[in-house]
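Same order as they appear, the protein sequences are chains A and B.
Our numbering puts the first residue of the first sequence at 1, with every later residue one more than the last.
Our numbering puts the first residue of the second sequence at 1, with every later residue one more than the last.
Keep in mind that a hint or two might mislead.
Here chain A is said to cover these stretches of chain B; the calculated rule only asks that three of the stretch's residues, wherever they fall, bring their Cβ under 8 Å from a Cβ of chain A [claimed, not checked]:
1. 23-35
2. 41-49
3. 112-126
4. 178-189
Straight-line Cα separation of at most 20 Å, SDA-like style, residue types lysine to any residue; simulated pairs [as the list claims (entries may be wrong)]:
5. A:Lys79 to B:Ala176
6. A:Lys79 to B:Tyr236
7. A:Lys79 to B:Gly76
8. A:Lys79 to B:Ala16
9. B:Lys226 to B:Ser240
10. B:Lys226 to B:Tyr236
11. A:Lys79 to B:Lys226
12. A:Lys79 to B:Glu81
13. A:Lys79 to B:Ser240
14. A:Lys79 to B:Phe170
15. A:Lys79 to B:Ala21
16. A:Lys79 to B:Tyr18
17. A:Lys79 to B:Leu102
These aren't lab readings, by the way, just hints derived from the structure by calculation.
Here a beta-carbon is modelled for each residue, glycine too, at the ideal position from N, C-alpha and C.
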Amino acid sequence: MIAAMWIRSTMTYRFSFAMSTFSNFTATIFDFVVIVLMFSQVNGLGGFSFAEVAFLYGTTSTSFGLADLAMGQVNRLGKRVRDGTLDTLLVRPVPVLAQCAADRFALRRLGRITQGLLILIWSLVILDVEWTAVKVALVPLMAVCGALIFSAVMVAGASFQFWAQDASEVTNSFTYGGNTLLQYPPTIFAQDLVRGVVYVVPLAFVNWLPALYVLGRDAPAGVPGWVAFLPPLVAGLCCALAALAWRAGLRSYRSTGS
Amino acid sequence: MRLYVAVAAGGFRRHATYRMATAAGVFTNTVFGFILAYTYMALWDQRPHLGGYDMAEALAYVWIGQALLATAGLMGGGFEEELIERIRTGDIAIDLYRPVDLQLWWFSANLGRAAFHLLGRGVVPMAVGALVFDLALPSSLLTWPAFLLSVALGVTVSFAVWYLVALSAFWLMDGAGTAQVAWLAGLFFSGMLLPLTVFPGALGEVARALPWASMLQVPADVFLEKRTGWGLVQAYAFQSGWAVALLAAGRALQSVATRRVVVQGG
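Using the sequences and the hints given, assemble the complete structure.
What follows is the structure, encoded as structure tokens:
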């Protein structure tokens, strides 16, 4: 309902909404332009073709776009803790997390999802893959579970701000940074870094592990091939942990009292 | 003059108080530096000497970019949000009433902010990058002051651009749209995502002639000693030219805008 309120409020200025959705779309397409520019100079990156990199890009961007639409606003929490406006959310009979997520709900973020989906579809067209029923089912599953994992990271990052009010940028390095990381093939990164996003912050489950299965390539960092089917489990686990972190953070909250 | 030095010092001190935010920024710059460094390594592995850089120079470029991201305000000048808010709420009327020059005031404060970010958010990621990767560092000691001067000119151009963006709020009331366009252009045309020397054909020529080139591409080239002697003079001339032109445009726009200000009584 709060989201609907913000949608109504942005729709009041239809032209401005169209403008900002469009600029959101172009803003996010620029990092794909960079990949196109790179491939205008080389034929492959880390042994991956352009279509394969486009597939990696499309899958992570779609997931990230969905998560950003749903939870992108929770990183404003630090600001709310700092200026004390979180208190107004506490007294309303709606879960605080839902209120934070819907706070200034920005439908223009559809621009990012559109962009990710377009490139994903395009990559599916130019990709040379022997499709099986399992592989076909894995693509939408990847998008949904990826979105859940990114959302969990965003909520966990926001929970951290109950204590460290100024540190929203740390979350950015996992969300935006993770998104950038996953746009490129795992073969180009140091294997310790790849292990980090498999075992520590499980971002590799957003797209790398299932995508490599779809592309018929070996999983990175020596993990077995069947982990490609783990994203639902990992996503569930991440959400549970994020929920715990959120509750712990909320319970420790002390108002600034100003 | 003393007043503006005090304002600049204030800008420096103000940003120095955000310790947690600075630490978070250093962390983020380092993470992005790592990701970019690996993608550049894959690229330069395939095409050594792409854009006229060897591997060590390309890696140095990555970390210079991370060091200058906040300093040169590539993703936002760090002051325009506040200025836009003052214009929107009408507080700007109070600022105009003060016996100081509006543009110089914000310029001084922004210079202090940039100086803090260069030290606070630039040095540590650069040092981490130099420890982990094999970076090209200046061979001559004189390159360091030459680089700093180029950074200062880049910061000036950046200020001039963001000042124009902020002033647009006088007409649009809400500067969010213009700010987003400026943010986008800043990231792409400064060479933050990919060096402008790698951009192909006409796109590269246009990108290298735009003001944003002076915020990262030119200082990085000075650091990598691609611009020495007469080339260095040309680099400075390019940056100063844009700085003067854009500051003058800001001043002109400011005088038009202030004539429009209607102070609501209360």
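So if I understand the rule, the pair passes when the alpha-carbon distance is 20 Å or less; does Lys79 (chain A) with Tyr18 (chain B) pass?
13 Å, holds
Take a quick look at whether Lys79 (chain A) and Leu102 (chain B) sit within 20 Å of each other, Cα to Cα.
28 Å, violated
Is the coverage entry for the region 41-49 of chain B by chain A consistent with the three-residue Cβ rule at 8 Å?
With 5 residues close enough to chain A, the hint holds.
Is the straight-line distance between the alpha-carbon of Lys79 (chain A) and that of Glu81 (chain B) 20 Å or less?
Measuring from Cα to Cα gives roughly 15 Å; hence the hint holds.
Between the alpha carbons of Lys226 (chain B) and Tyr236 (chain B), is the straight-line distance 20 Å or under?
13 Å, holds
Annotated coverage of the region 23-35 of chain B by chain A, confirmed only when three residues or more have a Cβ within 8 Å
With 9 residues close enough to chain A, the hint holds.
20 Å limit on alpha-carbon distance, applied to hinted pair Lys79 (chain A) and Lys226 (chain B):
Since the Cα atoms of Lys79 (chain A) and Lys226 (chain B) sit roughly 43 Å apart, the hinted pair is violated (cutoff 20 Å).
Lys226 (chain B) paired with Ser240 (chain B) [C-alpha distance capped at 20 Å]:
18 Å, holds
Starting from Lys79 (chain A), check that the Cα of Ser240 (chain B) is at most 20 Å away, please.
Between Lys79 (chain A) and Ser240 (chain B) the Cα gap is close to 38 Å, so the pair fails against 20 Å, i.e. violated.
Does Gly76 (chain B) sit within 20 Å of Lys79 (chain A), going by the straight-line distance between their CA atoms?
18 Å, holds
Is the straight-line distance between the alpha-carbon of Lys79 (chain A) and that of Ala21 (chain B) 20 Å or less?
12 Å, holds
For the pair supplied as a hint, Lys79 (chain A) and Ala16 (chain B), is the alpha-carbon distance within the 20 Å limit?
18 Å, holds
Checked against the numbered hints above, the structure breaks hints 3, 6, 11, 13, 14, 17 and satisfies the rest.
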